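Engineer: The hints should help you fit chain B onto chain A, whose structure is shown.
Those protein sequence lines, which keep their order, are chains A and B. Per this note's numbering: the first sequence = residues 1 to 275. Per this note's numbering: the second sequence = residues 276 to 554.
Honestly, I wouldn't trust all of these hints.
[Said to hold, decoys possible] Every beta carbon over 12 Å from chain B, so not counted as near; a handful from chain A, in silico:
id, residue
1, ARG9
2, LYS71
3, ASP79
4, PRO224
[To be verified] Computed Cβ-Cβ distance ranges for the label pairs, DEER-style:
id, chain 1, residue 1, chain 2, residue 2, range
5, B, LEU546, A, ALA169, 47 to 57 Å
6, A, SER156, B, ALA390, 36 to 46 Å
7, A, ARG206, B, GLU551, 36 to 46 Å
8, A, ALA244, B, ALA390, 52 to 62 Å
9, B, TRP397, A, ARG206, 54 to 64 Å
10, A, ALA244, B, LEU546, 46 to 56 Å
11, A, ARG206, B, PHE400, 56 to 66 Å
12, B, ASP462, A, GLY70, 47 to 57 Å
13, A, GLN112, B, ASP462, 23 to 33 Å
14, A, LEU235, B, LEU463, 47 to 57 Å
15, B, LEU546, A, SER236, 46 to 56 Å
Don't read these hints as lab results, they were simulated from the structure. All values reported here derive from a predicted model rather than from experimental measurement. Idealized CB from N, CA, C, for every residue including glycine.
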Amino acid sequence: MSSAAISVREATKVYVTERGRTVSLDRVSLDIARGEFITLVGPSGCGKSTMLNLIGGLLMPSSGEVLVDGKRVTGPGPDRGVIFQQYALFPWLTAQQNVEFGLRLQGLGRAQRAERARHYLRLVGLQDFGHALPKELSGGMKQRCAIARAYAVNPSLLLMDEPFGALDALTRVQMQDELLSTWQQERKTIVFITHDVDEAAYLASRVVVMSPRPGRISEVIDVPLPYPRNEEIRLSPEFAEIRARVWRGVHHHREQRSIQPTIRPTEATTQGDMP
Amino acid sequence: MNTPAAAPTAAHAPPPAAHATTASSGALPRQIPMPWLYLATLLLGLGAWAVAAALSSNQLFPSPRDVVIAGWQILLDGSLIENAKASLLRVLAGFVLGVALAIPAGFLMGWYRLARGLVEPWVQFLRTVPPLALIPLVIVALGIGEDAKIFVIFLASFLACVLATYQGVRNVDNTLVNAARVLGASDLTIFARVVVPASTPFIFVGMRVALGSAWATLVASELIAAPSGLGRMMQVATQFLQTDRIIVGIFMIGLLGFVMDRILLWAERRLTSWQEVRA
Numbered sequence: 001m002s003s004a005a006i007s008v009r010e011a012t013k014v015y016v017t018e019r020g021r022t023v024s025l026d027r028v029s030l031d032i033a034r035g036e037f038i039t040l041v042g043p044s045g046c047g048k049s050t051m052l053n054l055i056g057g058l059l060m061p062s063s064g065e066v067l068v069d070g071k072r073v074t075g076p077g078p079d080r081g082v083i084f085q086q087y088a089l090f091p092w093l094t095a096q097q098n099v100e101f102g103l104r105l106q107g108l109g110r111a112q113r114a115e116r117a118r119h120y121l122r123l124v125g126l127q128d129f130g131h132a133l134p135k136e137l138s139g140g141m142k143q144r145c146a147i148a149r150a151y152a153v154n155p156s157l158l159l160m161d162e163p164f165g166a167l168d169a170l171t172r173v174q175m176q177d178e179l180l181s182t183w184q185q186e187r188k189t190i191v192f193i194t195h196d197v198d199e200a201a202y203l204a205s206r207v208v209v210m211s212p213r214p215g216r217i218s219e220v221i222d223v224p225l226p227y228p229r230n231e232e233i234r235l236s237p238e239f240a241e242i243r244a245r246v247w248r249g250v251h252h253h254r255e256q257r258s259i260q261p262t263i264r265p266t267e268a269t270t271q272g273d274m275p
Numbered sequence: 276m277n278t279p280a281a282a283p284t285a286a287h288a289p290p291p292a293a294h295a296t297t298a299s300s301g302a303l304p305r306q307i308p309m310p311w312l313y314l315a316t317l318l319l320g321l322g323a324w325a326v327a328a329a330l331s332s333n334q335l336f337p338s339p340r341d342v343v344i345a346g347w348q349i350l351l352d353g354s355l356i357e358n359a360k361a362s363l364l365r366v367l368a369g370f371v372l373g374v375a376l377a378i379p380a381g382f383l384m385g386w387y388r389l390a391r392g393l394v395e396p397w398v399q400f401l402r403t404v405p406p407l408a409l410i411p412l413v414i415v416a417l418g419i420g421e422d423a424k425i426f427v428i429f430l431a432s433f434l435a436c437v438l439a440t441y442q443g444v445r446n447v448d449n450t451l452v453n454a455a456r457v458l459g460a461s462d463l464t465i466f467a468r469v470v471v472p473a474s475t476p477f478i479f480v481g482m483r484v485a486l487g488s489a490w491a492t493l494v495a496s497e498l499i500a501a502p503s504g505l506g507r508m509m510q511v512a513t514q515f516l517q518t519d520r521i522i523v524g525i526f527m528i529g530l531l532g533f534v535m536d537r538i539l540l541w542a543e544r545r546l547t548s549w550q551e552v553r554a
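The following block holds chain A by itself, in its conformation from the complex (with noise of 0.2 Å):
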């Protein structure tokens, strides 16, 4: 166990409101080996921001801990990189210094810093963008040289949060390969969230599906394709079969609330904080 990347034990995230409280995560626990990647997947308000945050160390958890690398968080830091959806670059820095905003934290001289951070817009297709504001990018762009910013302070792990969600088709699945190339050139642990269950089982070694209300983790499923991944395995019939799991692992749980009135079993344990 303590050998895992990431290891979630027993979280809970309560946010307490003026309209009472949400349990936002319910004693999830998940554990994360070294370079695996994990797409976390489920509707809306089931927790997986959350659970992401918590790994970040942007928020807390209300009970339970999360580990990285054998070591609680207690805050975020540079050795978990954090991707937004919406870019979150720095829009009056030009791409470079956006990516060498980070190194410059840990101390690097000027001739080192401008050369790692051209390393790693060349890894992502920049190398041309340097000079460029991230107001003269386009959306994929912009969410590139933000890979490429977290990248270059050479986290251990990457937290990804629908960092493609704001994306137009073509350019979402460009993307996807693109950070599979980037991932196997320089292998991270990365932990992906998206409500796209293709996306989901396209880029994971294991996905994740998530329920709400309260949000909990409803199914854990393998990917056993090989990497590269390419558009022959996106259009293959394992991939679909998997792709079909995935789907009902995120559609099956509402169903069958809805028809019938028990949880899942492994869930079924009354809660009486419930509303």
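Structural biologist: Below, chain B alone, put in the same frame as chain A:
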């Protein structure tokens, strides 16, 4: 200057191709260039004034020509430059002091809850009081010298700029703060490298509003026994019913304010050109 008479006719002709390509993306190719519109409205205003003055039976209503003559006279005897210089120095002193204090105060209010709680009530209270109403108290406290005048201008500039800066800090996108945090930035780094640049556009808005307030307060501040200044010049002119000189004073204040605003605008464009929204 080009011949101004050519402007009205040329305004109807299609603009040259260079305008169509260099114009901002939202502009249609057949639109009249802005400078021509400015010139046209200026000429229209002057024309309306000249006609109104010619038709008016009121002898105290000066024509544009009267004002030009009056302006030329006080330019030649040196009093216009002297008064403008005195006013400009007051405005600059009050404005620079006000902004220099407002920016750090605004940052403190936006960043620290304690500072917000302690400072904001005073700012909101003073903001609704016209600086003119404070003048009697300022005279009692600071006398009738230069300090009193600069203080009133300072206060007006400060109040305008401090709220804008504070708003700017409050409006910083939380995702950017988080992005810096996950890259390993400390609170101090986040402040210096994220909050300050992100709120710069707001600060410039505050500075421009402050500049307007500073000039608006100037005439009032020169009510305090000023030996010189454009406000003083206008008050003397009022006593002698020299309405033409009053209008010269108005133009000078407008012109100096306009030039200073353009300088700020230029600096703003240079420093905040990274913004997505720019027409």
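Engineer: If a hint holds in the structure, say so; if it does not, say that too.
Structural biologist: Hints and how they fare:
ARG9(A), annotated as away from the interface, keeps every beta carbon of chain B farther than 12 Å; the closest lies near 22 Å. With a closest Cβ-Cβ approach of about 16 Å to chain B, LYS71(A) is found to remain outside the 12 Å limit, as its non-interface label requires. Non-interface call for ASP79(A) relative to chain B: violated, since the shortest CB-CB distance, roughly 9 Å, does not exceed 12 Å. Distance check for PRO224(A) against chain B: the nearest CB is about 32 Å away, which clears 12 Å, and the non-interface claim stands.
A hinted range of 47 to 57 Å for the beta carbons of LEU546(B) and ALA169(A) is inconsistent with their spacing of about 38 Å. Taking 36 to 46 Å as the suggested C-beta distance range, the pair SER156(A) and ALA390(B) conforms, at roughly 38 Å. For the pair ARG206(A) and GLU551(B), the beta carbons lie near 38 Å from each other, so the given range of 36 to 46 Å is met. For ALA244(A) and ALA390(B), the hinted distance range of 52 to 62 Å is satisfied, since their beta carbons lie about 58 Å from each other.
In this structure the hint that TRP397(B) and ARG206(A) lie 54 to 64 Å apart at CB holds, the actual value being about 58 Å. Distance hint check for ALA244(A) and LEU546(B): the Cβ-Cβ separation is about 55 Å, which falls inside the suggested range of 46 to 56 Å. The hinted window of 56 to 66 Å between ARG206(A) and PHE400(B) holds, with their beta carbons roughly 60 Å apart. Judged by the Cβ atoms, the range 47 to 57 Å given for ASP462(B) and GLY70(A) is violated: they are separated by roughly 27 Å.
The hinted range of 23 to 33 Å is satisfied by GLN112(A) and ASP462(B), whose Cβ atoms lie roughly 26 Å apart. Checked against the given bound of 47 to 57 Å, the beta carbons of LEU235(A) and LEU463(B), roughly 52 Å apart, stay inside it. For LEU546(B) and SER236(A), the hinted distance range of 46 to 56 Å is satisfied, since their beta carbons lie about 54 Å from each other.
Against the hints set out earlier in the document, violations occur for numbers 3, 5 and 12.
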